[in-house]
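Residue numbers (the numbering used here), protein chains in the order written: chain U, 1 to 508; chain Y, 1 to 318.
Be a bit skeptical, because a hint or two may be false.
Pairwise CB distance ranges (calculated) [said to hold, decoys possible]:
id, chain 1, residue 1, chain 2, residue 2, range
1, Y, 20, U, 212, 25 to 31 Å
2, Y, 66, U, 435, 34 to 40 Å
3, Y, 66, U, 208, 25 to 31 Å
4, U, 14, Y, 282, 21 to 27 Å
5, U, 422, Y, 95, 44 to 50 Å
6, U, 150, Y, 209, 46 to 52 Å
7, Y, 264, U, 187, 33 to 39 Å
8, U, 269, Y, 154, 33 to 39 Å
9, Y, 66, U, 477, 44 to 50 Å
10, Y, 264, U, 115, 36 to 42 Å
According to the in silico footprint, chain Y covers these stretches of chain U (three or more CB under 8 Å from chain Y) [unchecked claim]:
id, stretch
11, 10–22
12, 88–95
Just so you know, these hints were derived from the structure itself, not from any lab.
All C-beta atoms in this analysis are idealised placements derived from N, C-alpha and C, irrespective of residue type, glycine included.
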Amino acid sequence: MSPDTALQDPLRFHRKSPPCAVVIYGANGDLTKRKLMPALYRLAYEGRLAPGFAVIGISRTAMSDDEFRSRMHDSVKKFLEDSPFDEDLWNSFAQGLYYLAGDVGDPDSYQALAKCLAEVEGSRKTEDNTLFYLSTQPSQYAEIAEGLGAAGLNKGKGWRRIVIEKPFGHDLTSARELQCRLEKVFRESEIYRIDHYLGKETVQNIMAFRFGNGIFEPLWTRTYVDHVQITAAESIGVEGRGAYYQEAGALRDMIQNHLLQVMATVTMEPASSFTSDAVRDERAKLLRAVRIMRPEQVAANAVAGQYGPGRSGSEPVIGFREEKGVDPDSQTNTFAAVTFLVDNWRWAGVPFYIRTGKSLPKRVTEIAIQFRTAPLAMFRKATAGAEALPNQLILRIQPEEGISLKFVSKRPGSGMQLRPVSMDFNYGSSFGERSPSAYETLLLDAISGDATLYTRQDMVEASWQAVQPILDYWSTQKFKFPNYAAGTWGPPAADEMLARWGHTWRRP
Amino acid sequence: MTAEKPIKPDRLLKELSDIWTTMAAPEASGAGDEAHGDGVLRACAMTLFSFVDDEVDPAALSEILAHLMKEHPSRSVVVRLKEGEDFLDARAFAQCWMPFGHRRQICCEQIEITASMNRLADVAAIIGPLAVPDLPRVIIMHSARIVRAGALRKILPLGDKIIVDSARAGAPGFGELGGLLDSGHLTGDLAWTRITDLRALIAQLLEHRTVNRIVIEYQGREASPETRYLLAWLESSLCSAKVGLKGSGGEGAGNVSAVQVDSDLSIRVTDGGAEYDLGGLHQRAAFGPGTDEQLLNIELGIVAHDPVFERTLNRITA
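In isolation and in its complexed conformation, chain Y is listed as follows:
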């Protein structure tokens, strides 16, 4: 084993500072050049810790983070976790883009740490001091490795909020999420975020009416986390209505395909939206694209207790 160069938070912060100094220099920012005449704008609204397994495509992850930066400029710390030999490395860089029609680049800081699982304790010691003071710290947990190793709780003190996607393979289940809530952590689940547009549509269509029975139809043998969230949300919101699930069997990820409310309202989930019939009125509603970056954008905008989500999750785990 070769001697490893120690990694210190102070050195990484110094590297970041040097990057900014370099970018702000007239020759780097192109001062005087019409396209870049106003230099770079440093923006930061939070610290974003992303835990991923090393197999995740760095380019795809980078693209998601770049999208997030536009709405939630942040200091981004990506921790790539791998199995195998003892390993720990880190680098700092900046990610910049030129908003359309603007003369100035927007740049956000990024630190990437690659570590073997047995160095998780070191990672926590390194990245803690890298958080920007006084701003929210959010953890995006996309590492099945941490969940498998039962090490989720080791990294929780680093963040104010932890975001998971319970629909992903190897993600924490409802039991673990309930445990996080019980221990007082702010929690977000992209599986819940994914059904926001559908829930908003249902809430609008059920305004001013009495509901007796709702059937949620899904495709597949088992209901997906999204379908279970929808069921629990309706059950916890509409105490007097009977809410049930109906699976089609066969192939399918278990996602919601339709919602039937009594005999006069039916909602059919389609690509990019939903179509519904309400007392003879046929209409279409458009939903957001439901991409990871769109869902994360929504979750990053909520760094506070989320009573409706918490009520729904408690219903599932009760």
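Bound-form chain U, shown alone:
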């Protein structure tokens, strides 16, 4: 037995990561301060990082290593959730933080990075393993990758990986163009496209629920499932992000990436093993099976909405067009609802309704699987039709993460009175331990070379293909916006879309 394996104790030790340097482009940005650095600190706190670990932050702002450390100290302290802050540990962690000021368009900045990486490898023993994290404008992804390639930083003694955040293009063509430029520098296996939804514990739990139990999967087919509703509702508006959001819209911002990935997780076939490519192959296969709408089918199967003035609880709320930085005649969708069909043996004919929106009545993300009703309504006379209520399985992603099964039960007493009841599993309260943030999970995966929860290019393209006809059709339309008041569940057309199938939206 080699010392490496003999000392391991898989029952008790957490997974560790190999030595490496993480290079963060956009190190002075919000994502670094709020998510990345707290996640890295937390990994250090948990002892998940190797002793040979370093972070090199890069952005245009001039500052010294010590100023960078000081800023990160304040950010981590402020944004660290559910965790204590250990000043001694921070001091040890901060010794491995470095900063370079540089412009991504300046070739000299890549040479400076190369020099810094070489020094860090010697002083921090990172074994030349390097993870480039691009926390920048998406328009800079290709330029940075090309800059790294030109400086020879895409190759070395150790491994190289590059992490990019969505959006991966703004349509199918631009997604392919981006890929074309990235793959000239990095191999597909070195490109990690982050979708933080897939890093959420409860999204990962969907796979455990489906494939770790024997009793649900047999029901998980068109034979027993009537339809599926996926809702990702935000109770707030765009909150100062109007200028960005105006370019994206709900369909691009949420459905093309997060929600289609969630749908793929709920509907994919079981993978032969829980390995990166086996799982991603199944997700990709599912996304490729999503029926592509013809232009004449879009109006009946996709609804765009934009909120006008309304109320959030007791507070008055302004409409989207009144938000700062938003065109008063904006045609941007702040709500989108789409009916998808999946053309495969398991799901043929089962509608998947996906909706997402800003300024809806509450913040909730959930998947509701509605089963077919009992074949014989034997209790109809004795009840007010309660037996016709279908069973529903609700997978709650946020908040109050958990799983509920709705079914009918006899009320105590004489006579056959039925009423719906809910059997709940509450994820947070059944497992009291702290859940890692999505960024902790995903960063550790990227450092460890596990791409299971990352999106592959074929998945990106398949999901763009699914929404492209809708984007194309909507770009030719002049919508009568706003068409729903803030604080309501979207435009009436979204209800009509389901009514055509004989269904109604759940009120989460």
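Let chain U serve as the given structure and place chain Y on it in line with the hints.
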């Protein structure tokens, strides 16, 4: 002696059921009240039998069990053992808490039995049927009285796993633990759990390197169970390395104070963690708080054979 009311498992289970019915009633759970609008959630993942001596502070024990409930919701049966006159009593109640940011209380069941040592056989007959079917049964053995009386084996059939703390006064020793392993019982020792973070750090630092010599330093005259576990673990894992102990003498509980690996790696155990120097790189690692509830949380998460622990214990007892 006054006539004692017989204690029957069925009656205790009925009491528990009544408690749940009462708590689920709208007026008790505060249905309609915003703070309690969703009532109570009954949670159970195991049956937890805790054997303690009657002198143990009930409030402190209750606090530990409440912490455990959050991660391992269970039906908890506490058996308080005392010397002296013939005595047996039992009561059932529920322990509830409201998780931060949630609207619903989480409640777990608890049964407390107080018995004199001569009623141990009755206790076994009562608590056996109280276990929740189909879920793991774990015994936390914090009673020196049972160990002193040599009655450990009487209660073993009640559990799938027995957890002890060999570092506590009056706890079963390595010989008794080895005996439990040999008889096929799942066993956990908090003294072993206590060094998990240190072992994980050592395993990480020794990755990809050849080790010739390791010296474990401890404070005190005699090595504690934790120190002996660390020695045995390293010996059984690194066959080609020389592993030795070095005591400082004088005062001290015999716990590990430092680990020196060859000439270029030294680990110094500090409050809440460790500091290490590796080839000129000085770093700090944070360890868990090492409280009883944290250690028990870890042990309750492992209801299966633990090959590394068993290998290490066998090394000590060989």
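Now for the hints, and whether the structure bears them out:
Residue 20(Y) and residue 212(U) have their C-beta atoms about 29 Å apart, which keeps the hinted 25 to 31 Å range intact. In this structure the supplied range 34 to 40 Å is violated for residue 66(Y) paired with residue 435(U), their Cβ-Cβ distance being about 21 Å. A hinted range of 25 to 31 Å for the beta carbons of residue 66(Y) and residue 208(U) is consistent with their spacing of about 28 Å. Here the CB-CB span from residue 14(U) to residue 282(Y) is close to 23 Å, well matched to the stated 21 to 27 Å.
Judged by the Cβ atoms, the range 44 to 50 Å given for residue 422(U) and residue 95(Y) is violated: they are separated by roughly 24 Å. In this structure, residue 150(U) and residue 209(Y) break the distance hint of 46 to 52 Å, their C-beta atoms being roughly 36 Å apart. Between residue 264(Y) and residue 187(U) the beta carbon distance is about 36 Å. The supplied range of 33 to 39 Å therefore holds. Distance hint check for residue 269(U) and residue 154(Y): the Cβ-Cβ separation is about 52 Å, which falls outside the suggested range of 33 to 39 Å.
Taking the beta carbon of each, residue 66(Y) and residue 477(U) are about 59 Å apart, not inside 44 to 50 Å as hinted. Distance hint check: the CB atoms of residue 264(Y) and residue 115(U) are about 27 Å apart, inconsistent with the given range 36 to 42 Å. Look at the stretch 10–22 of chain U against chain Y: 5 of its residues bring a Cβ nearer than 8 Å to a Cβ of that chain, three or more, so the hint holds. With 5 residues bearing a CB less than 8 Å from a CB of chain Y, the stretch 88–95 of chain U meets the requirement of three and the coverage assertion stands.
Consistency with the previously given hints fails for numbers 2, 5, 6, 8, 9 and 10, ordered from lowest to highest.
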